[in-house]
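Given chain A's structure and the hints, the job is docking chain B onto it.
Taken in sequence, the protein lines are chains A and B. Everything in the first sequence is counted per our numbering, starting at 7 for the first residue and increasing by one. Everything in the second sequence is counted per our numbering, starting at 7 for the first residue and increasing by one.
Hints should not be assumed to be uniformly reliable.
Identical copies carry no separate label here, and so any pair may be met within one copy or between two of them.
Taking lysine-lysine pairs in the DSS-like style, the calculated list, with each CA pair at most 27 angstroms apart, reads [stated by the list, open to error]:
| hint | residue 1 | residue 2 |
| --- | --- | --- |
| 1 | Lys75 | Lys120 |
| 2 | Lys117 | Lys75 |
| 3 | Lys76 | Lys120 |
| 4 | Lys76 | Lys117 |
Source of the hints: derived by calculation from the structure; they are not laboratory data.
2 protein chains.
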Amino acid sequence: MADASCSRPQVNGILETSLYVEHPSRSVEFYRRVFGFELIDSDPREGISDETRLCAMRAGDRSVLLLFKKGTTADTNATGAIHVAFGISRSELPAWEAWLSRQEITIELRKTWKYGGEALYFRDPDGHLLEVVTPGVWSIF
Amino acid sequence: MADASCSRPQVNGILETSLYVEHPSRSVEFYRRVFGFELIDSDPREGISDETRLCAMRAGDRSVLLLFKKGTTADTNATGAIHVAFGISRSELPAWEAWLSRQEITIELRKTWKYGGEALYFRDPDGHLLEVVTPGVWSIF
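Excised from the complex, chain A in its bound form (with noise of 0.2 angstroms):
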């Protein structure tokens, strides 16, 4: 039986976040050029092509952004679209839609959370839903 007395160990957050891909070099491109995203590691080690089975990308101070090739991953094989949030400062709302739009990317939806957290929603390459979102999504964030 499980036993839920032995004291619970930490966890710090959350370090990487997984896509599921078609053309890892499109995606690759596409979270370097719109967020400079750097690529900080693969497998296999050499160049990527479209059939890289993973990238690894550095999203920002404390987290890494995977993308697995479709299909080349035997223990995950997520299909369809997945949503992903990005935080942002509230000072930067208006340079992203600026960004967004001279990167030629649909705002898909706009949205004001009930914290006062605003929201950008578009797509990458794939359909994931991608969010970037100022504080005030979540009462505690």
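Relative to chain A, chain B alone:
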């Protein structure tokens, strides 16, 4: 034409990571019991059932884990297993091994990464591949 000369606004990090689950109440119970994540919101607000469209859980100081009931969110629709990694302190690794054992969760894989990071892999109730990992997986974290 996309114009990269305009200055790119900043992303602070990944705020929300999503999983798509069959039974929201089972998943909320699992993430609360195993990780200590607090339920911070749901849609609808009243109680958690297997019909709850979205449960939001606090995962550490800067991250939110979103649990979407499969098939109820029009704009994202992922199926299959997704990978998520949670950062832990190096000193907590033995406690995590003991804790997972107490919770009767099978460790599927133990791995030491090239920069010294040590990881434990296991599954959530939907088969999503979870990892708790110490610093040293990536060159930068």
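Handout entry: Hints violated by the structure (numbers, ascending)
Key = none
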